[in-house]
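Each protein sequence line maps, in turn, to chains A and B.
Residues 384 to 654, numbered by the numbering used here, are exactly what the first sequence covers, in order.
Residues 15 to 317, numbered by the numbering used here, are exactly what the second sequence covers, in order.
Everything labelled a hint here was simulated from the structure, so no lab data went into it.
Certain hints may be false.
[Stated by the list, open to error] Derived PhoX-like pairs (lysine-lysine); straight-line CA-CA distance at most 25 Å:
1) Lys448(A) x Lys98(B)
2) Lys286(B) x Lys485(A)
3) Lys510(A) x Lys305(B)
4) Lys511(A) x Lys485(A)
5) Lys252(B) x Lys305(B)
6) Lys304(B) x Lys485(A)
7) Lys199(B) x Lys500(A)
8) Lys199(B) x Lys485(A)
9) Lys466(A) x Lys252(B)
10) Lys98(B) x Lys500(A)
11) Lys466(A) x Lys98(B)
12) Lys252(B) x Lys485(A)
13) Lys485(A) x Lys448(A)
The structure displayed is predicted, hence computed values, not measured ones.
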Amino acid sequence: MSTESLLTLEKISKVFSRGTVDEVKALDSINLVVRAEDYITVIGSNGAGKTTMLNVVGGVFPPEKGGKIIVDGADITNLSEYKHATYVGRVYQDPNIGTAAKMTIEENLAMAVLRGKSRGLRAASNKKRREEFRQALAPLKLGLEDRLNTLVGTLSSGQRQAVALVMSTISRPALLLLDEHSANLDPRTAQIVLELTEMIVKREKITTLMVTHNMELALRYGNRLIMMHEGRIVVDLNQEQRTGLTINDLITAFERASGSKFSDDEVLLKG
Amino acid sequence: MDVAGSILFFSFYEGLVFGLVAIGVYLTLRVLAFPDLTVDGSYTLGGAVAAVLIVAGVNPFLASLAAIGAGFCAGLLTGILNTKLRIPALLAGILMMVGLYSINLRIMSGANVSLLREVTSFDIIADLFGMRAGSIGVSIILALAIAAAVFFVLNWFLRTEIGLSLRATGDNEQMVRSLGGDTDKNVLLGCAISNGLVGLAGAIVAQGQGFADVGMGIGMIVMGLASVIIGEALFRPKGVARLLVAAVGGAFAYRLFITIALRMGMAPGDLKLITAVLVVIALAIPYIRKKVRREWIPPAVRW
Ligand SMILES: Nc1ncnc2c1ncn2[C@@H]1O[C@H](COP(=O)(O)OP(=O)(O)OP(=O)(O)O)[C@@H](O)[C@H]1O
Ligand SMILES: [Mg+2]
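Using the sequences provided together with the hints, build the complete structure.
So this is what it looks like as structure tokens:
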């Protein structure tokens, strides 16, 4: 494993509805150094700021002044969302967000394959690209490689999420952000999607942040685990530190670090 | 020529010209999911620009190109109001439509410009083919050539990388951004192309009827919508090429209904009601079809 930093977050804060009664400090001066090829699982109770952190890295909104996001040596703090996409691939909890329903599998992948490249007046797809798409879909073993002309809206949500996963990685972004991307799926499909994720991340050597509510998954996958609480990273365990840990150990670690009682049942139950 | 034949030919010509408006509406409403009401203004704008330039002695084809440019700019501005100032699409279109009314009066220095004594694109085509000026054949040749060119260019463009990105923007904007597509730019481009086509239609109609008038665009958006919806109901199109054909086909069917209604003695004042009823019927057909087949019916859109 390389030791160079692929993603650096410096003093990242995010305040919503500033100056109103609804003011929320969703992120509170987060510092994080992610090494190339790290596969980090992220857990934390509802409202801890996990999604907000991914949104800031993905460029959906900028962090508060003073914060800095560096990916692969490039400062992308103030770039607009579509420019963040050059570096960052994302899969969302809802497969509807990651795919376009009224377009075919081929058209969706044709969009995805141009991440980080300029879009011009060449044909969006051609024989060579179709072959590339088939090869990317075949390892899913869902038969989608033979259904390039199928509208994505007619696929099941598991199939759609699998397509979304391929779309987020086909152009090999430096960084992959997964936000509870298996949470809405039935257990068997969730299992397939997680295994596909593992396979693609290992094969393409993509640095990955995976948010999950499931502590068991957080321990099983990846090589590093961070826990968030009230907009801060309160626990950060490397591979060595987390081997052999049980869910109960994690809860204890959480309570010690955050100074509050662990009370989120969902963390144990949801996928 | 018998009555039925003349009705058909005339509707065919009108279908082709207003098909440009329909394609414009199809581009914004269906491709971009952007309900753009600029159309009433940009149609007149195209007519006004072309008429004024022709009177000033500019070649009518160049004047028509200028009309495309004017419509393009109007659409661009609507897109900017929406994407940069975050004004809701409907409101942005209405503001542009209202603003363009005054601009069109300024351009024409009055409520209308006559082209009766000028050489128009129609006259040039008539000369070229040695046909009688003002005959329906000339009109059809010109309209067919333009509609075919627009069809081929758009059918190609919408399959390019930029075109695909534009279509995806109307489907899932969030996804397009997360894949590196500039959705604001796509909206600007889509609105601009759409209104460019509408401006071209205005320019052709002004030359065909021999004048541009500040009120000529009133109701164009409704006609465009009606054409798109009727086209979809009649042809149930799938894929870029068929959708484009359906828009023109819808315009043809719509003009045919209207012309027949007029021939049957309905007053011009009744046309608005006929249009409304036609659209309701066209919208009801897919609903009834699904109801009969017990298919799932999506809830009504509320924008
Ligand atoms: N767009 C927004 N506007 C206002 N407040 C927001 C917004 N997004 C998030 N928040 C607030 O920021 C806090 C953190 O939310 P976030 O979605 O990051 O939590 P999370 O860790 O992803 O939680 P969950 O596990 O429930 O998904 C919450 O209090 C939330 O209400
Ligand atoms: Mg979340």
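Structure-based check of all given hints:
no.: 1; hint: Lys448(A) x Lys98(B); in the structure: holds, 22 Å
no.: 2; hint: Lys286(B) x Lys485(A); in the structure: violated, 33 Å
no.: 3; hint: Lys510(A) x Lys305(B); in the structure: violated, 40 Å
no.: 4; hint: Lys511(A) x Lys485(A); in the structure: holds, 23 Å
no.: 5; hint: Lys252(B) x Lys305(B); in the structure: holds, 21 Å
no.: 6; hint: Lys304(B) x Lys485(A); in the structure: holds, 19 Å
no.: 7; hint: Lys199(B) x Lys500(A); in the structure: holds, 15 Å
no.: 8; hint: Lys199(B) x Lys485(A); in the structure: holds, 21 Å
no.: 9; hint: Lys466(A) x Lys252(B); in the structure: violated, 32 Å
no.: 10; hint: Lys98(B) x Lys500(A); in the structure: holds, 24 Å
no.: 11; hint: Lys466(A) x Lys98(B); in the structure: holds, 17 Å
no.: 12; hint: Lys252(B) x Lys485(A); in the structure: holds, 11 Å
no.: 13; hint: Lys485(A) x Lys448(A); in the structure: violated, 39 Å
Hint violations for this structure: numbers 2, 3, 9, 13, all remaining hints satisfied.
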